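Q: As a plain string of letters, each chain reads:
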Amino acid sequence: SQTIHQWPATLVQPVGSPLSLECTVEGTSNPNLYWYRQAAGRGLQLLFYSVGIGQISSEVPQNLSASRPQDRQFILSSKKLLLSDSGFYLCAWVAGGRSNEQFFGPGTRLTVL
Amino acid sequence: RKEVEQDPGPFNVPEGATVAFNCTYSNSASQSFFWYRQDCRKEPKLLMSVYSSGNEDGRFTAQLNRASQYISLLIRDSKLSDSATYLCVVTRNSGNTPLVFGKGTRLSVIA
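Protein sequences, first through last, are from chains A and B.
Taking my numbering, the leading residue of the first sequence gets -18, the next gets one more, and so forth.
Taking my numbering, the leading residue of the second sequence gets 365, the next gets one more, and so forth.
Nothing false has been slipped in among the hints.
Subject to a maximum C-alpha distance of 30 angstroms in a straight line, what follows is the list of computed BS3-like cross-link-like pairs (lysine-lysine):
1. B/K366 - B/K406
2. A/K61 - B/K406
3. B/K409 - B/K467
4. B/K467 - A/K61
5. B/K406 - B/K467
6. B/K409 - B/K443
7. B/K406 - A/K60
8. B/K366 - B/K409
9. B/K443 - B/K467
Listed next, the stretches of chain B that the computed footprint assigns to chain A, with coverage defined by at least 3 CB atoms under 8 angstroms from CB atoms of chain A:
10. 403 to 410
11. 462 to 475
Rather than coming from a laboratory, the hints here were simulated on the basis of the structure.
As the structure is a computational prediction, the values presented were derived from the model and not from experiment.
Backbone N, C-alpha and C fix where the C-beta goes; we use that ideal spot for every residue, glycine too.
Take the sequences, apply the hints, and build the full model.
A: Here it is, written out as structure tokens:
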């Protein structure tokens, strides 16, 4: 069966520090992968999605970036965090083909101080 | 108009009640529709897909009206464990495209 992992689970970082969040998927190949952010009391905002290795689509201009170095690995990064980057970061995958059902990882709760 | 609109609630209902959530979407090209459930401080989990013919899974019934661009979720015989935020989700376009999430409707089932 397929599983999706995210780490770390929680993170507290000072303003201006770098960020690297990792997401890996097991039990599937060539998935579509997504990064979302959910700020306190708000809906899910799509940040990036990837349909294959090295292919990244950015939804919202900001100081975040994403990379997909391997088929089942998706990384979210920042060179300098802002206070507004605080939130719940969720990685999701879709098996591909005709299904659009997305399955989420457990998320990383980031607090920028 | 927002891509996906939901009544934020909260809906406070007693155990055993029937509750209905509504959702409208703006993009007529959307092809796939879902309801997700999100517990406090947890990731969203797929509750059910929504088909044009309507579909039922136990106490949960989902309906889609493409002409009105309207989706509904009905929960019968509410349980305390149904307390959560329910997210209405649609695809942006046809095919395997990013999903657009509503902000969710919060449900509290009270003993």
